[in-house]
Each structure stands twice: as structure tokens, then as C-alpha cells.
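Participant: Residues per chain are reported as follows:
There are 2 protein chains.
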Amino acid sequence: MKTTIRHQVIFCLKAGTSGGSAEAFLRDGRTLLSAIPGVTNFSAYRQVSTKNDYDFGFSMDFADQATYEAYNAHPSHVAFVRDRWVPEVSRFLEIDFKE
Amino acid sequence: MKTTIRHQVIFCLKAGTSGGSAEAFLRDGRTLLSAIPGVTNFSAYRQVSTKNDYDFGFSMDFADQATYEAYNAHPSHVAFVRDRWVPEVSRFLEIDFKE
Numbered sequence: 016m017k018t019t020i021r022h023q024v025i026f027c028l029k030a031g032t033s034g035g036s037a038e039a040f041l042r043d044g045r046t047l048l049s050a051i052p053g054v055t056n057f058s059a060y061r062q063v064s065t066k067n068d069y070d071f072g073f074s075m076d077f078a079d080q081a082t083y084e085a086y087n088a089h090p091s092h093v094a095f096v097r098d099r100w101v102p103e104v105s106r107f108l109e110i111d112f113k114e
Numbered sequence: 016m017k018t019t020i021r022h023q024v025i026f027c028l029k030a031g032t033s034g035g036s037a038e039a040f041l042r043d044g045r046t047l048l049s050a051i052p053g054v055t056n057f058s059a060y061r062q063v064s065t066k067n068d069y070d071f072g073f074s075m076d077f078a079d080q081a082t083y084e085a086y087n088a089h090p091s092h093v094a095f096v097r098d099r100w101v102p103e104v105s106r107f108l109e110i111d112f113k114e
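Sequences listed follow chains V and F, in order.
Residue numbers for the first sequence, in our numbering: 16 to 114.
Residue numbers for the second sequence, in our numbering: 16 to 114.
Keep in mind the hints are simulated off the structure, nothing from the lab.
Worth double-checking, as some hints may not be accurate.
Since the list gives no way to pick out one identical chain from another, each pair is judged satisfied if it fits inside one copy or across any two copies.
[What the hints assert, rightly or not] The calculated lysine-lysine pairs, modelled on DSS-like cross-linking and capped at a C-alpha distance of 25 Å, are:
no.: 1; residue 1: 17; residue 2: 66
no.: 2; residue 1: 29; residue 2: 113
no.: 3; residue 1: 29; residue 2: 66
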């Protein structure tokens, strides 16, 4: 098994949050989160399957579990969760893949 | 928006199905599905987040919607769904990402 972890989250945004459009949320997420050390292959997506009820997704890769944990604890991640995720996201599902 | 679609499915396997081990299911899925024309970047994963209740995942990319639809209709995909997926998978969630 490779140690690389593909971390993904699929989510919906609340209507009319102060952060503005979905485009702004996706853009800001990409800018802030992809700059955190150890984050590779960051992508922000529209979730287009009609077979689930989520609208957007972020995906990123970490070389190993320690890098993933450092990301979770990084001040930029903590601030993004506090200032944008909690106020603007209505619901979400996290998915972590290992080969 | 790129036209590339990242198609993913996360799933759980029934216990004690005739197909044998999870490893066999993942290996056969990879062999059969990755050989279908238009499938790129196929990966079979363990889903390791404790924040959802799925155990495995497949991920693949399609260049566009027509290629995705051709995959869905391809005899190898139809046969895999009929002969392995329906008998062996207990529940699943499909996720389709577009940038």
C-alpha cells in the first residue's frame, strides 16, 4: 500500500452567506489551502452527479499521515475552517483514499 | 470549466460473498473497468477516513460526458455491474467531479 493519502471533501454551501458566491468560496479555498506545506494536486470541483446531494468538492494529496496531520493543525487551515468553512458550509462528507 | 469528469464511487462489500476477498473484488474491478475504452487514471482505494461509513473506492477519469456515457453502456461495465457489483456491494455513493 502506498502511503499517499488522497483527502477529499464534498460539500454544500449555505445560501446568501457573507462570503459571496460559490466561485469566491472555491477560489479562496484553493488559494488558502493549496498554499499549506505538503498539499499537492489540490483541485476545487463542481460535484455534478445527480446521485448524491453535494454540490462541490475539494481534493488534495498528502505524502503520508504525518503530512496530513500537519495540514489539519496548520494555522491557515484552522483559520479557514473557523472563518469560512463553519459559517458558509451547510453540510459535508470527508473521504480519504489510500491505494 | 474543463470537460474532464472524475467519476468516483465509494462502497462497502457484503460479508462472505462468493467473489471472495475484498482484494479480489478490487483487483477484478481494476482489471475489467480500466480496460474499457476511455477510462484513464483508474485507481482502486481503501477508504480510510473514520468520518464516513464506506470502505473502498474506485476513481477514474473521462475526457467528456460522451466518453462517460459510452463507459456506462459498455458490455464489460454492464457485465461487471450485473455479475459482481449487484451481488457483492452492500451500499455505495457515486461522486462526479468537474473542474
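Participant: Run through the hints listed earlier and report the numbers of any the structure violates, in increasing order.
Facilitator: none
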